[in-house]
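Undergrad: Starting from the known structure of chain A, arrange chain B on it as the hints suggest.
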Amino acid sequence: MAQKPNRSNLKLFNRDTFPISTFLILFFLCLVLMGSDFRYQILKQIRLEIPIIIAPINNLINLPVNLFRESKDTFVTKKLLKEKITRMEEAIYLLSIKVQENQLLKSENNILRNILKIQKNFNISGTTAEIILPEVRNGHSIITINKGSKNNIQAGSAVINNKGLVGQVVNTSDSYSEIRPITSESYAVPAIMENAKQNVILYGNGNGELVIPLFPGSNSIKINDIFVTSGVDTLYPKGIRIGRVTEIMPTKSPKFNHILVKPFSQPTTFSFITVLKIKND
Amino acid sequence: MTSPTKIQQIQAKKLFIILFIISLFLSHLGLVGIEDSSIMPNYFIALIVSFIVAKKAGLNLFKLVTIGLIVDLFTGQLIGQYGLIFMVIYILDFSVNKILVIKYQKQIESLSIFLILFSFVVLWLTSQSYNVFITPKILLLQSIFTFIAYLFFKALINKFISR
Numbered sequence: 001m002a003q004k005p006n007r008s009n010l011k012l013f014n015r016d017t018f019p020i021s022t023f024l025i026l027f028f029l030c031l032v033l034m035g036s037d038f039r040y041q042i043l044k045q046i047r048l049e050i051p052i053i054i055a056p057i058n059n060l061i062n063l064p065v066n067l068f069r070e071s072k073d074t075f076v077t078k079k080l081l082k083e084k085i086t087r088m089e090e091a092i093y094l095l096s097i098k099v100q101e102n103q104l105l106k107s108e109n110n111i112l113r114n115i116l117k118i119q120k121n122f123n124i125s126g127t128t129a130e131i132i133l134p135e136v137r138n139g140h141s142i143i144t145i146n147k148g149s150k151n152n153i154q155a156g157s158a159v160i161n162n163k164g165l166v167g168q169v170v171n172t173s174d175s176y177s178e179i180r181p182i183t184s185e186s187y188a189v190p191a192i193m194e195n196a197k198q199n200v201i202l203y204g205n206g207n208g209e210l211v212i213p214l215f216p217g218s219n220s221i222k223i224n225d226i227f228v229t230s231g232v233d234t235l236y237p238k239g240i241r242i243g244r245v246t247e248i249m250p251t252k253s254p255k256f257n258h259i260l261v262k263p264f265s266q267p268t269t270f271s272f273i274t275v276l277k278i279k280n281d
Numbered sequence: 001m002t003s004p005t006k007i008q009q010i011q012a013k014k015l016f017i018i019l020f021i022i023s024l025f026l027s028h029l030g031l032v033g034i035e036d037s038s039i040m041p042n043y044f045i046a047l048i049v050s051f052i053v054a055k056k057a058g059l060n061l062f063k064l065v066t067i068g069l070i071v072d073l074f075t076g077q078l079i080g081q082y083g084l085i086f087m088v089i090y091i092l093d094f095s096v097n098k099i100l101v102i103k104y105q106k107q108i109e110s111l112s113i114f115l116i117l118f119s120f121v122v123l124w125l126t127s128q129s130y131n132v133f134i135t136p137k138i139l140l141l142q143s144i145f146t147f148i149a150y151l152f153f154k155a156l157i158n159k160f161i162s163r
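For the record, the sequence lines run as chains A and B. Reading the first sequence from the start, the letters are residues 1 to 281 in this note's numbering. Reading the second sequence from the start, the letters are residues 1 to 163 in this note's numbering.
Chain A with its partners taken away, still in its complex shape (with noise of 0.2 Å):
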């Protein structure tokens, strides 16, 4: 026989009291939390402080990867290292060449350096890391690397690749650091363009590009002009390449110009960058 079903416990509107008095303690709760986060950073200090909480996420991540790396190694044939070894060999050669017409660039820089009086120390010194996973969190892009502390990597340190400014350390724990790119909205940097005096200032506008929202129509400016580090900030040596102009855009005020840039360093996953040492003096 067919039961009928049990609609005692059957509810069309909520009926429970609402809970505004835990409401507005919770909320208020929050509101002082976040407040205090902004001001104190207690979070980056809590992260900083149990690199336990964020640890076991990055290393079951980048598992995977470091799996097949390993079974790679293992399996590898004696005939693709030999390959490999000649193909390293021809790369240090052409690489040694272009050694040496560095040194020469170098010391007749040096000579005119001296003549003019020029003393700004261009030594550019730091640690290789790898770009691991993950390159996102929660709906913001963040560039993980492979070192941290451990390896006296500091918080506000330079990033740079062979292309060109990558980011900025913003978090260290012992293994890993985490870099804010150039291209996040929270971004600036300062600028000059190669072969020019004009000295500016590039926001990140998170989508992967770089602007200046003022650019003086006054001062002349052209699709793919250069971008390199001003160094006028110091964190950043000068004359580490930015981007390249790709649109220039009017404003509203006639004054002005709107200018994109495109970032020259595009750092995929698993390549290497540079982190910059600090200079305290």
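These aren't lab readings, by the way, just hints derived from the structure by calculation. Misleading hints may appear alongside valid ones.
[Unchecked claim] No more than 25 Å apart at the CA atoms, straight line, and that leaves these computed lysine to aspartate or glutamate pairs for DMTMM-like:
1) Lys197(A) x Glu209(A)
2) Lys262(A) x Asp36(B)
3) Lys103(B) x Asp16(A)
4) Lys55(B) x Glu109(B)
5) Lys79(A) x Glu89(A)
6) Lys98(A) x Glu194(A)
7) Lys63(B) x Asp225(A)
8) Lys163(A) x Asp36(B)
9) Lys55(B) x Asp16(A)
10) Lys262(A) x Asp225(A)
11) Lys137(B) x Glu70(A)
12) Lys137(B) x Glu135(A)
13) Lys98(B) x Asp16(A)
14) Lys137(B) x Glu90(A)
15) Lys262(A) x Asp174(A)
16) Lys163(A) x Glu35(B)
17) Lys137(B) x Glu185(A)
18) Lys6(B) x Asp16(A)
TA: For chain B alone, coordinates are given in the frame of chain A:
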């Protein structure tokens, strides 16, 4: 709408923990073909909306704030941000259910879309980004992806929690 039984609540709690861990990993991974990370789905909002709308895991304000604090610890920008968002989702759902009879699937889906959109507005208002206004295109795309994630979670809830 009926109240969940004890067995359903235990199943829902277990499923919630599993889906929370999955969301934690997914939030650290990009999606193939999506280069812009700002349009990535927000798995935590999708998860909380799906469980609040389904009314199975017995979530209350205290539990939601605690879950929000855990999310903030792992992936958040500010401590308390996700607690606030989850509370707002709960209160909105509570208020809507007090005023209206939410009975049909279309009503439930509409309510979910409304909760997702509203939570994005709260997320954007409390964001640390200096970009004050989110573009409608980004909001729309992220909401669509989050709604897809919500449908996925909802399907799992319907599959694994006995009726």
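Undergrad: Determine for every hint whether it applies to the structure shown.
TA: Going through the hints against the structure:
Proposed proximity of Lys197(A) and Glu209(A) is supported: the alpha carbons are some 23 Å apart, at most 25 Å. Note on Lys262(A) and Asp36(B): the hinted pairing holds, with a Cα-Cα distance of about 15 Å set against a maximum of 25 Å. For the hint linking Lys103(B) to Asp16(A), the alpha-carbon distance of about 18 Å falls within 25 Å, and the restraint holds. Between Lys55(B) and Glu109(B) the CA atoms are separated by roughly 14 Å; this keeps the pair inside 25 Å, and the hint holds.
Proximity of Lys79(A) to Glu89(A) is assessed by CA-CA distance (about 15 Å); at most 25 Å being required, the pair is judged to hold. For the hint linking Lys98(A) to Glu194(A), the alpha-carbon distance of about 22 Å falls within 25 Å, and the restraint holds. Proposed proximity of Lys63(B) and Asp225(A) is contradicted: the alpha carbons are some 55 Å apart, above 25 Å. The hinted pair formed by Lys163(A) and Asp36(B) meets the criterion: a straight-line CA distance of about 21 Å does not exceed 25 Å.
Distance hint between Lys55(B) and Asp16(A) is fulfilled; the C-alpha atoms sit about 13 Å from each other, no more than 25 Å. A hinted pair counts as satisfied when its Cα atoms are at most 25 Å apart, and Lys262(A) with Asp225(A) qualifies at roughly 11 Å. With a C-alpha separation of about 43 Å, the suggested pair Lys137(B) and Glu70(A) falls outside the 25 Å cut-off, and the hint is violated. Note on Lys137(B) and Glu135(A): the hinted pairing holds, with a Cα-Cα distance of about 22 Å set against a maximum of 25 Å.
Between the alpha carbons of Lys98(B) and Asp16(A) the distance comes to roughly 8 Å, so the proposed pair stays at or under 25 Å and holds. For the hint linking Lys137(B) to Glu90(A), the alpha-carbon distance of about 49 Å lies beyond 25 Å, and the restraint is violated. Proposed proximity of Lys262(A) and Asp174(A) is contradicted: the alpha carbons are some 33 Å apart, above 25 Å. At roughly 20 Å between alpha-carbon atoms, Lys163(A) and Glu35(B) fall within 25 Å of each other, so this suggested pair holds.
For a cut-off of 25 Å, the pair hint linking Lys137(B) to Glu185(A) stands: about 17 Å separates their Cα positions. Taking the CA atoms of Lys6(B) and Asp16(A), the gap is near 19 Å; set against the 25 Å cutoff, the hint holds.
When each numbered hint is compared with the structure, violations occur for hints 7, 11, 14 and 15.
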